[in-house]
Structure formats: C-alpha cells, structure tokens
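If you read the sequences in order, they're chains A and B.
According to the working numbering, the residues represented by the first sequence are 8 to 98, in order.
According to the working numbering, the residues represented by the second sequence are 5 to 99, in order.
Treat each hint with caution, since some may be false.
Stated by the list, open to error - Straight line, CA to CA, 35 Å or less: simulated DSBU-like cross-link-like pairs of lysine-lysine:
{"no.": "1", "chain 1": "A", "residue 1": "K68", "chain 2": "A", "residue 2": "K49"}
{"no.": "2", "chain 1": "A", "residue 1": "K68", "chain 2": "B", "residue 2": "K83"}
{"no.": "3", "chain 1": "B", "residue 1": "K83", "chain 2": "A", "residue 2": "K49"}
Just so you know, the hints here were simulated from the structure itself, not pulled from any lab data.
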Amino acid sequence: MSVFLDIFTVAAVSAGAFFFLAGIVGLLRFPDTLSRLHALTKADNLGLGLPRAGGLLAALKLVVVWLLVLLASAMVSQMVARVARRGGSPS
Amino acid sequence: MNDFLLGAAGFLLITLALGLVRIVRGPGDADRMMSAQLIGTGGVTVLLLAGAAERVPAAVDVALSLALLAAFASVAFVKSATRPISDTEKEPGGA
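Working from the sequences, and respecting the hints, build out all of it.
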C-alpha cells in the first residue's frame, strides 16, 4: 500500500512540476498578453493542485491553501485580462 | 521520498527563476504582473513541497500567508492600473 502511495506521490509531483515548466515556457514564448495569460492560469491551477494532492492527502489546511489560490487565480486572471484588453499595456 | 520532494522543490525554484526573464523583458505591466503571480503560486508550491519533505508543519502557514499576499498584490495592481483609465474617461464629461 505504501508503495502505491509513493508511486502516486511521485507521479503527481512530477506532473505538477511539468505543468509549471509548461506554464513558464508559455509565459516566455507566447506572442501576446492574452495567450500568455492562458498559459499562466493552467500552471497556476494544476501546478499547485497536483503536488498538493501528491504530497499529503486530505490535510485540511492544504485544501484551504489550494482553494484560496484557485479562487484568487480565477478572479485575478479575469481582472488582468480586462486591464490588458482596455489598453492598460501595449500587448 | 524526502530527497525526491526536495529535488522537485529545487527544480521548481530553477523553473521559477526563468519567469524573472519575463519580468525584465515583458512589454506591458500586465505581463510583469502575470509573471509575478506565477512566481507567487510557485513559491507556495515550493513551500508545501519543502515543508512536506522536512516535516515542518509551519511551512503550510507560511504558504497560506504567501497565497493571500499574492492575491492582494494582483488585486492592488488591477486597482492601480484601472484608475487612470477611469479618470480619463470621466474627464470629457467633467470638462
């Protein structure tokens, strides 16, 4: 049982690290602001969620951290997109 | 397993350092703020991984505070970025 738990942890943490790497590459390589924002939000949600699920299962405080980041990331991405769209910054 | 978690945290730190390039280069303020937001989320993840590897329960509290502060920073950016636009929109009506 412990072996399966370890395998799950390794898989989840690796997948989360991959999502962060993909998010950073997208942030560096995508041509304009809105597609960079698209790459960012995926890394935000899954990059934190997968290592959290892998590291410690069902610790309440970790779930609180994850939910806070999910909520903040979703709202902030909408607001930043509005700023970028209204010409707050040259794409 | 602890070595793996610490290695993953180190890998994430190196990856997040690459995000600083976008802060230097990024043409607009929104790009810089998005990179800072990603680094904030990555910092939370690094804290959780390192805290789980080293058995430091207080790291979760630090991660919670960092998540809250990152959200506040982004909200403050959006507030400060939208205020001049709304002022210029009001200006023709006032004048």
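Against the structure, the hints come out as follows:
1. Pair hint A/K68 plus A/K49 holds up; C-alpha atoms about 22 Å apart against a cutoff of 35 Å.
2. For the suggested pair A/K68 and B/K83, the alpha carbons sit about 29 Å apart, so the restraint of at most 35 Å is met.
3. About 24 Å separates the Cα atoms of B/K83 and A/K49, which keeps this hinted pair within 35 Å; it holds.
Every hint, counting from the list given before, is met by this structure.
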